[in-house]
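Asker: Just so you know, the sequences run in chain order A and B. Letter by letter, the first sequence follows residues 0 to 824 in our numbering. Letter by letter, the second sequence follows residues 49 to 473 in our numbering.
These aren't lab readings, by the way, just hints derived from the structure by calculation. Quick caveat: nothing in here was measured; it's all calculated off a predicted structure. Be careful, since some hints might not be right.
Label pairs and their in silico Cβ distance ranges [stated by the list, open to error]:
#1 R6/A to E396/B: 52 to 62 angstroms
#2 D117/B to E422/A: 36 to 46 angstroms
#3 V174/A to K227/B: 20 to 30 angstroms
#4 T360/B to R419/A: 55 to 65 angstroms
#5 P133/A to R313/B: 37 to 47 angstroms
#6 P229/B to D255/A: 49 to 59 angstroms
#7 T83/A to R78/B: 53 to 63 angstroms
#8 D176/B to R419/A: 28 to 38 angstroms
#9 V174/A to Q238/B: 17 to 27 angstroms
#10 H171/A to E396/B: 36 to 46 angstroms
#11 E689/A to F104/B: 37 to 47 angstroms
#12 F104/B to V174/A: 26 to 36 angstroms
#13 P229/B to V174/A: 21 to 31 angstroms
#14 G345/B to V174/A: 39 to 49 angstroms
All C-beta atoms, glycine included, are put in the ideal place defined by N, C-alpha and C.
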Amino acid sequence: MPRPEQRFVTLTIDGREVEAPENSMLVDGAKYGDVEIPVFCYEPKLGPPVGACRMCLVEVEGIPKLQTACSTPVKDGMVVHTQTERVKSAQESVVEFLLINHPLDCPVCDKGGECPLQDVSYGWGGGKSRFIEPKRHFRKPLELSPLVAIDRERCILCYRCVRYSQEVAEDHQLVLQERGNHSYVSTFDGHPYVAPFSGNIVELCPVGALTSRVYRFRARPWDVEDAGSVCTLCPAQCNITFTVRDDRALRVLSRDNPDVDDGWLCDKGRFGYQAIHADERVVSPMVREGGSLRPVSWERALSEAASALARARGRVGALAGDGATNEEGWLVSRLLREALESGDLDSRLAGGPSRETARTLAAPGLAATVPDVEFAHSVLVLDCEPVDDMPILDLRIRKGVRRQGVRLAVATSRPSSLDRNAEVSVRYAPGAGEAFVAALDAALAGEADDSLATAAGADPQGIRDLAQMLRAQDVVVVWGERLTGGPRGDQAGRALLNVAARLGLSGDGSGLLEVPASANGRGLCEAGFLPDAGPGWSEVVAAGEGSAGPRDAAGIARALADGELSALYLLRTDPLRTHPDRPTWQAGLERANAVIAHASVLTEGLREHATVVFPAESYAEKEGTVTHPDGRVQRLRPAIGRPGDVRAEWQVIGDLAKRLGLDLDFPLASDVSAALFEAVPFYSGLSLVELAAHGVRWPEREAASALDAPVPEPGQLETPPNAPSPNGALRLGTFRPIWSAPEVEVSPALRFLTPRARVELSPQDAQRLGVAQGATVEVAHDETVVTAEVALRSDVPPGSAFLPEAEGGAALTHGEPRLVEVRPA
Amino acid sequence: MKLLFDRIDQPNLNRLDTYRERGGYESLRRALAMSPDEVVAEIDASGLRGRGGAGFQMGKKASFIPKGDMDKYLVCNADESEPGTFKDRELMQKNPHQLIEGMGIAAHATGCNRAFVYIRGEYDYVADILEASLREAQEAGLLEHVILVVHRGAGAYICGEETALLDSLEGKRGNPRLKPPFPANQGLYQGPTLINNVETLSTVPHIIRMGGSEYAKLGTETSTGTKIVSVSGHVQRPGNYEIELGMSSRDIIFGLAGGPPEGRRVKLWFPGGSSSPVLTEEHLDLAYDFDSMAQAGSMLGSGSIIVVDDTTPVLDVAKWVAKFYTHESCGKCTPCREGTAWTLAMVERMDRGEATPMDLEIMSGVQEQIIGHCLCVLGDSMAMPIASMVKHFREELEEHIETARARREGLPVGDAPVPPEQVAV
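Using the sequences and the hints given, assemble the complete structure.
Answerer: In structure tokens, the structure reads:
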């Protein structure tokens, strides 16, 4: 869909000629002439203006009544006055009205000093009140949720939070109760407002009515400094500002970047910073002694690690995950390949497509941007759940549907929270993503054969409807890494390329947007943290002698368990937490002679199996770059100093390399970045200065031609395997809930959201199995048994069951579709 | 000349056969034979102005409805909640088919395929009657061109404001919307919507029957036709009267309604419901039509005359007005939400003797701060009558304040009337 073209009109504001974009509201248009018009309820991110607060009344010549500047579009030749007596008195009136019931408790209010109500009162108020009646009273402060406190006496009833809940997050929880002077914000029945994006209302509130319970009374605006960076808790990589006081991160605010996050944050990103200062944080190097990890000196930890790795030379595997930067991934891949003669490294969870397929999927000619999701004609959400996998993208998709009329289709095995917004929703059997994409490809090619749909366990008519819907001009396919994981990942990837070719995806308003499984999934792949690709998807010569080629994550697990590999290097990841096929990983970790880990929290796998732990920097301390799923290279900047003995990872890796005879010594973090930019051909010429504010999308730069991977013509696909038929058992699918993260577990404020092992069943299956909502059941495959609580969901297709990955699911899956038995415990 | 109230008390007029016997649904039949544009032209020629309060010409409003094939909505505003207004109730209760016929014609004229009557929840029994008559008309095949539904409100004054009504009808909280867009372009479910009052729509069959230009001969040049006036308050014969617009106000209050009880004088009167600025005895000889009322600084509104005689203190009237609008303010916009409550608090304080005449300055100042600054007209509906009371009765209010204060402070009270609770029985 073409973005609205911007044209300018000329109008006169306070006697000054102003050029403003056509159709912009006067409030925004006036800014082009350096005229500020005060507002409270107006916030364009919330949708069309409502004109409720009446703060922005101005005089427009030719219209007898004063007009709200927030809802009056600029017109050519319009003459506006914002400084006349009439306007001033109207604005003073509104301020007076707003303050009559406001407690004016600024000295003890968190918002004091950064409060729009204060600013507007000083700027446009009359400075006096004639109100001597008693003020309106409410009980205060109250918990709106465990994360947000509400002070209804301070509320000026601007509606922002209610509109946000209703029209942006669409959780439909906040409402206005009562009416008139007695109105107050609340949930309908008083239940706590818990939702993935609830914290945004704190930032939206123009007064101190909604405050963060975590930040409450921690600092005043004049005590703190702002430090901009990027959140690396998930692939959305939202731009954030840390509020820093005395070298501690006390708060995270959004740093609006329309190309990334649109100014919103999820609650994990907003409150998860508590993990930085959590007691559980690892702040000194540790070595396993007598069965448990003990703090040791850096010298000791480094030499233990170096000698263990040297002993295992040629038999070392490496994984990288969540917060790892491009630089760190690149350094570790060099350490493995050049010093340890091993090519067994993978930043993906369960392997993936071959180098050729993967680089074509990532090529600029197929890359969709985040804003494309909002302006496409159709969006297909394929094998991912945005709210869990890349939360902020969920809001973007909703916005596209609500505001731009984007037609949405959802194709997943697990019911999606976007189903309600979708025109077409298709379900297929868990793990049958490849068959589904092949069936979609056939439908797009106009083949009438339904056998592929049957193989995918999907409704053939649904696939035909989907194909019909996708025959639009600009289509964006948002797909999850899960689709191409597992042993048949390459075939799935090629099926997706077929679909991309048939839809004519061009990377110019249409294209693919992969949702990786880890926060910097794309960057780590591009930095060369893959078994079969070096930096920039370059070909690598298989390292090590006699091996059957480099191993991917699943292969590393098997090789460890079989004793073919003897050491594992973990860059900010724990396979027992994130990777499928937990039993094999468990066996592998137990058998490994050495497990070297960079970590900031000791998760289960590390606590039990790590032999050396290097304390890792948090994302507030880190310097380096990460790459957003749409190719935007973003810069992390340190906001606070490193606690305890924590050292920069790039330094630690360099020190370790030196001990292993490889020179990876760089004087400064920026030198590592510069070296990385040289190593990855399509990053060539990037500079940290260029990335400073909002990052740069490399597919839009000239150097992008270095990755010239034209989309192949649709080819013949291999026949995908049929999804297993349940026959009384259940097809198991897994998902990773938004709250499944170590940061959630160690943040005191978020801990209550930690997911439990809950198996989602359809009511029909539950009835057949004789289990009820909340019952404890055993989910079993062969000897592996997971205990879980039953959660009934009416939209789960009968025959399927879903378990969260880290909370049981990973124990039962290994990259291929599995059948499980569910029985009362 | 009676049109709307023509033989209104005829038994069983709510039944289809009775209504048809006297020529009912003839106008609908005739209208359906005309082209929509011709019907709009007739309505336009009649000069009929909306009877709900704003007085906007119906023909003009109908002509704003876009042409073309789409879902278009006709909504009848039957949320008659203005204090002193009770004309729509009688019209719907006694002659429901007249309204249904009018809606049938209006739907044809504007191409609306769906129509709603939004009736206030308190008119439960009226809604029953209306629904029964509607069923009769539908079963008789008279309304094949439109789906008509009676929807009951839940008892909020604000839902009589057209955009709040639409929100309420959509199942949302009934709060006024920002205008523009106007309902004619984006109304119910974002579709083009024609909203008119019960009385306006009930007049339509008569316009078709008489012809627009013939109807326009009734009344004055800019206020054509007849109007039902609800007269209440201190009059001897309160009730609904159908008059030709332009009749002298004195003739309505004294002639039709019998004036105040013996020995009392008219102190003030609301010409158009409790939201209109008050007029005094000296305005009694004004013609009762849209323009004359506007020239006198008030408005015809919904055509409800409330008469207050000299036994009632003005402050009591102000308190009653402020209380009503404070209670009914929806709370969406600042001046109305805060201004109404503040005004009520001030009036009560004056009455308790905790004010000085200087507070009248603040009170009229607050009214000025409300008028013209709100999202809808509810704020103005309180501020305009209160401001007019301060303007016309300043002396009395000052005396009331001083007396109340003196009494509270135990000072000798001048010639002030002894409050009822202190009268020895």
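Asker: Taking the hints in turn, state whether each one holds.
Answerer: To see whether the hints hold, each was checked on the structure:
1. Checked against the hint of 52 to 62 angstroms, the C-beta distance between R6/A and E396/B comes to roughly 55 angstroms, which is consistent with it.
2. Checking the proposed 36 to 46 angstroms range against D117/B and E422/A shows it is violated: the Cβ atoms sit about 23 angstroms from each other.
3. Checked against the hint of 20 to 30 angstroms, the pair V174/A and K227/B passes, with Cβ atoms roughly 24 angstroms apart.
4. A beta carbon spacing of about 57 angstroms between T360/B and R419/A agrees with the range 55 to 65 angstroms that was offered as a hint.
5. In this structure the hint that P133/A and R313/B lie 37 to 47 angstroms apart at CB holds, the actual value being about 39 angstroms.
6. About 29 angstroms separates the C-beta atoms of P229/B and D255/A, a value inconsistent with the hinted range of 49 to 59 angstroms.
7. For the hinted restraint 53 to 63 angstroms between T83/A and R78/B, the CB-CB distance of approximately 54 angstroms keeps it satisfied.
8. For D176/B and R419/A, the Cβ-Cβ distance of about 37 angstroms falls inside the hinted range of 28 to 38 angstroms, so the restraint holds.
9. The hinted window of 17 to 27 angstroms between V174/A and Q238/B holds, with their beta carbons roughly 22 angstroms apart.
10. Checked against the hint of 36 to 46 angstroms, the C-beta distance between H171/A and E396/B comes to roughly 39 angstroms, which is consistent with it.
11. Range check, E689/A to F104/B: about 59 angstroms between beta-carbon atoms, so the 37 to 47 angstroms window is missed.
12. As the Cβ distance of F104/B to V174/A is approximately 33 angstroms, the hint placing it in 26 to 36 angstroms holds.
13. Checking the proposed 21 to 31 angstroms range against P229/B and V174/A shows it holds: the Cβ atoms sit about 24 angstroms from each other.
14. At about 40 angstroms, the beta-carbon gap between G345/B and V174/A stays in the expected band of 39 to 49 angstroms.
Going through the hint list in order, the structure does not satisfy hints 2, 6 and 11.
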